[in-house]
Amino acid sequence: MKILLHVENLGMRFGGLVAVDDVSFTMHAHQIMAVIGPNGAGKTTAFNCISGFYTPTQGRVELSGKCISDLPGHDIARLGLVRTFQNIRLFNNMTVTENLLVAQHCNVNTGLLAGLFKTPDFRKKEKQAMEKTAYWLEQVGLLEFANRQADTLAYGQQRRLEIARCMVTSPKLLLLDEPAAGLNPNETADLDQLIMRLRDDHGVSILLIEHDMSLVMGISDKIVVLDQGCNIASGTPAEIRENPDVIRAYLGEE
Amino acid sequence: MKQQFSDAFIAALLTGLLTIPIIGTQLVTEGITLTLAWDGWKVMTAMAIVFVVRLLTPQISQAMQGVKKASSKLPSINFAEHQTILITIVIVFAFIWPFFSSRGAIDIATLTLIYIMLGLGLNIVVGFAGLLDLGYVAFYAVGAYTYALLSQYYGLSFWVCLPISGLLAAIFGFLLGFPVLRLRGDYLAIVTLGFGEIIRLVLNNWDSLTGGPDGITSIPKPTLFGLEFSRRAQEGNVPFHEFMGIDYSGTYKVIFLYILALILVLITLYVINRLVRMPVGRAWEALRENEIACRSLGLNPTIIKLSAFTLGATFAGFAGAFFAARQGFINPESFTFIESAIILAIVVLGGMGSQLGVILAAIAMTVLPELAREFDQYRMLIFGLVMILMMIWRPQGLLPAHRPKIELRS
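Protein chains in written order, with my numbering: chain A, 396 to 649; chain B, 9 to 418.
Bound-form chain A, shown alone (with noise of 0.2 angstroms):
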């Protein structure tokens, strides 16, 4: 299988602090895989370190092949990357179709010109982002809010407003910082679906840092188990779940 995602070595330290310790681990493509471990783990860090947000210390991120440990966020994105945060980033003031509108900013004419005369091809970009608009509110179920503002829809209803903006980038590889945080079980168990309809039906990719251990064990491919910044553990769920490290790491020594 093609590998999409190498990480080696990673190392992200905040002066005497080191958060992230020699991470490695590689993800082939069309796997979900799940990054768990305990709070302050340094999971948020190793995802901003593959995202772009920081810059390492130490190690190197492959895409594809191609180094990105040292391009800036947007430029990542643009390779294939994106991801969603722990709290929610919405622009909250926009309204839902307009926040799947800004997403595929890189796929519509953006030229002065065309836009203040309204060529053709510009018609047509707009045209097309707003069919993309509109079936991705279909496939996470937020058609009905279009017109409503980001910030007035439930809060499960932004995680997915979330995911779905990823989507109209057309991504790679979905980074999904703790999809399931503050969600009910009903709604959990629609994020299980979805996930798996984006990696069968989509052909993305995805990395997701979760606490929910049904919903990590019933989905995920591989785990990767981090505990004060190093990789203690990486295998399928069943091998996690029997890992003595992983189970002290969770409850502590004996």
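Hints in this document: simulated from the structure, not taken from any laboratory.
Check the hints yourself; a few may be wrong.
Said to hold, decoys possible - Facing chain A, according to a computed beta carbon distance under 8 angstroms, are these residues of chain B, among others: (1) K10; (2) P171; (3) R290; (4) A291; (5) A301; (6) S304; (7) L307; (8) N308; (9) E341; (10) K413; (11) L416.
Beta carbons: idealized from backbone N, C-alpha and C, even for Gly.
Based on the hints, put chain B in the right spot on chain A.
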């Protein structure tokens, strides 16, 4: 009550301290000597007013509660239904009006139009992109000096220089924007403030090119397809009145300038109205709301901010060229910081991001001082007072922005 009393007393005392140098003393010329005249009554009056108001503050604010409720219900005019008709009527009226009006009024209207253009331009930067620019007047100066210098040294006409002025101002906007746009909020404001001053100081001191504080005189007025509006045209040219076979009148020129400004403002309005509906307009809004989310979606914040800065500067460039042409004389005094502050005040008073608001505020800021010439001395005082009152009662501006929302239709 005692607390309130001492509070009011301290406030009155502070007022006294502050007003003594401002309105308590006045420089009076007696022959060739300057003397300091002392007017205690004004200070006393000011102190008394502050004391009373301060003492009654709780009662006043209680009474105001009802007013506040009412004001929050103020309709943010919804004229969507008859929009096209209304706009057409306003535009037609704006074109016809000067023919039935006095020269002075048209002149003030032209000045207002310049400020509208500046306000609309700065509105892109401050209102849409959320970047506080305190040196906007620099681009205005660049536009004005571009036309003045090109016409002085190379004899280029207004119509050739107008696009060049816009372009050059845009280039300056780009050059300034490039290094400073990684700064945020206050830091950006300070750097742009500095830039505004640098431009003014360069213009003031580069005597050999700009004429320094003496400025540039006899800048030619714009022509109408080569027709001049002076009594006697330059060699080889025909003045407008001879061409039309009518008597000479200075009013034609004033009306022509007014209409020219009006057209420039209308073009500005059209362009900005398109911009907010274009991808770049959406990106400005998104960037103002959440820069991190923008980056995570592949939008390059620097380029988007830069586009706002550059486009904003362009309109200042156009306004500058027109200003130079209208005045016929420019010097660095026209481009001081206070000018930047006034333009910013127009944007804030009008309601950031609101175009109609900016237009109303520009009219208020230029027409009211003209109407109240007798109170000229108190202009800045009233100006400050209005700002404070606005911040208390209507911080969102006269007409808060209503961004055109893009709707998904099934």
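Restraint outcome when E341/B is required to lie within 8 angstroms of chain A by C-beta distance = The hint is violated - E341/B has no Cβ within 8 angstroms of chain A, the shortest such distance being about 34 angstroms.
At a threshold of 8 angstroms, is the proposed contact between P171/B and chain A supported by beta-carbon distances?
-> violated, 14 angstroms
Are N308/B and chain A close enough, Cβ to Cβ, to be under 8 angstroms, as the hint says?
-> holds, 5 angstroms
Any CB of chain A closer than 8 angstroms to the CB of A301/B?
-> Nearest chain A Cβ about 4 angstroms off; hint holds.
Per-residue hint verdict: S304/B, partner chain A, C-beta under 8 angstroms | holds, 5 angstroms
Regarding the hint that R290/B lies at the interface with chain A, is the smallest CB-CB distance below 8 angstroms?
-> R290/B check passes; min Cβ-Cβ to chain A is 5 angstroms, inside 8 angstroms.
Against chain A, is L307/B within 8 angstroms by beta-carbon distance?
-> With a minimum Cβ separation of about 5 angstroms from chain A (threshold 8 angstroms), the hint on L307/B holds.
Interface restraint verdict for A291/B against chain A (beta-carbon cut-off 8 angstroms) | For A291/B, the interface hint holds, since the closest Cβ of chain A sits about 6 angstroms away, which is under 8 angstroms.
Restraint check, 8 angstroms cut-off on beta carbons, for K413/B near chain A | For K413/B, the interface hint holds, since the closest Cβ of chain A sits about 5 angstroms away, which is under 8 angstroms.
Can we keep the K10/B interface hint, with Cβ of chain A closer than 8 angstroms?
-> violated, 46 angstroms
Regarding the hint that L416/B lies at the interface with chain A, is the smallest CB-CB distance below 8 angstroms?
-> Interface hint status for L416/B: holds (4 angstroms vs cutoff 8 angstroms).
Hint compliance for this structure: hints 1, 2 and 9 are broken, all remaining hints hold.
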